[in-house]
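A.B. asks: As given, the protein sequences belong to chains A and B, one line each in that order.
In terms of the numbering used here, the first sequence opens at residue 1 and continues consecutively.
In terms of the numbering used here, the second sequence opens at residue 1001 and continues consecutively.
FYI, nobody ran anything at the bench for these hints, they're computed from the structure.
None of these values were measured; they are calculated from a predicted model.
Backbone N, C-alpha and C fix where the C-beta goes; we use that ideal spot for every residue, glycine too.
Warning: the hint list may mix true and false statements.
Unchecked claim - With beta-carbon atoms standing in for the labels, derived distance ranges: (1) A:210 to B:1209: 40 to 48 Å; (2) B:1279 to A:9: 29 to 37 Å; (3) B:1009 to A:118: 54 to 62 Å; (4) B:1002 to A:215: 56 to 64 Å; (5) A:222 to B:1214: 32 to 40 Å; (6) B:1002 to A:152: 57 to 65 Å.
Unchecked claim - Selected chain B positions facing chain A (Cβ under 10 Å, derived; list incomplete): (7) 1137; (8) 1185; (9) 1230.
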Amino acid sequence: MVVKRPELRKITPRIWELFWEEEPSSSLRNNRISIKNWLENQYHSELLEIRQGYQTISIVWKNEGPEDFYTSFPEYFNSEDLKPQTWEIPVCYGGNFGKDLDQLCTEKAISKENLIQIHSQSEYVVEFYGFLPGFMYLSGLHPDLISARKSIPDRKVEAGSVAIGGKQTGIYPLESPGGWHVIGKTPIKIFDKDQTPPVNPQPGDFVRFYPISEEEFDDLSASSKTLRQS
Amino acid sequence: MIKDPASAIILKTGPGTKIRDLGRVGFAEYGIAQAGPLDQSAYLWVNHLLRNHQNEAVLEITQPGFSIRFDAPTLICLAGAKAQVVLNGKEAGSSGLIPILEGSKLEIRNFELGSILYLGIKWGFQSPSWLGSRSYSTGISDQDFVKKGDSIPYFTNHETTTIHTFSQANWDYKYLSESAIRVYAGPEFSQLPKREKEKIIGYEFTISTLKNSMAIQLEEPFPNQLSEIYTAPVYPGTIQLTPGGKIICLLSDAQVTGGYPRILQIHEDDIRILAQKRSGNRIKFKLLK
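Sequences are here, hints too, so could you generate the full structure?
C.D. replies: In structure tokens form, the structure reads like this:
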């Protein structure tokens, strides 16, 4: 796969950014992740850390960045080297767990069953983490479910809440204020600060939601299960 | 060497007091802020004078009205803001080493200049560590802030060191009165029209009351035509401009990504100048090429 060359922005002597002036897409994501992996191998000892955004890779160097950096990029990356995994996340939709589900169905003029079906049959991709510890930016929300964020955010969204905001869906790993429409809740701990790393899915991995009943929710909560791969 | 466990009891504290070390480097990829000290130089200085490892945990105090009692002899060190400090009822300086006797009580009253004071201790505070750091951070540490009644462990060797004050290096308070903050152009700076670029660099801004360890919002509105961006990485020292015209300067506990245009990035040595400011203080940005 030919990789579009990103623009190099040297923000400070230590913070650099690679920027792709194009709409987020699966090919941009694969390019970005391939380049991130390449950078981590190539500059292992010079790098302090790498962060990602939809159109960006941001690099923090331990000292000043290397002089030969931009000329040292390979011309091609094989994104088939990326081996994405799929993570199955149980969700109890609606009721007390998804307080905004009914309202959202009314706004979208679709039935609850239909919304749950669309949401749980789509395949999502982890773009990167941000916003809160362990919060996955997921792409792949079905266009029929796109919904503007609440004009007044809720003061408290519970940990495990599954919600829709704009073109995105996500899971609140921690209790937090939030402006997304909460449609359900997962009993699975997505983020565990006592584990290293505290999260399992990697950028580029797939996420699927599957509906569970309240009884199953209680059983899974009691067994404090962690995320499983399919 | 004798290193026995001891504890310090928090008798009184305002909001915002935290345990800090250098924080969690390398966890941003999981959405976790580094949560390092707000004023890194002052933090490093206390550990340096104590001859501690640079990552030893200290107390970061951001409000007047703080009081602590040590149940065993030790050596502590203060640096950062200029404050009224009282040890066992007697005035003490707000910077440098202070020998502590069993049962000593240290009070921090008014802040005269600046807003962040570090209290370091020989061998560091031994509070719990999460993901490789003792720094308090919402969602990571078991508590967000130090509160009244907390007992914070440390090590004692049962001896009180004698300090010769004349031999102590002085903490330089000059940066607390500095108003110029050196900045680099951020990734979205070029999207601003020339007139607005000149305005943001030339004008004086006021620190608003919206200030915590995540961010400082500036008082003056800054109307602009920039739109939100696709979520992108941000850092302590990143200055965001919202479509609503607010200027937000990010600090240690900020999110690792954001959706507002990133117009400036503060020089890493000058973040402390901003972090030490109080609401109502004035600042101006000086653009580095």
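A.B. asks: Could you work out which earlier hints the structure fails to respect and list their numbers in ascending sequence?
C.D. replies: none
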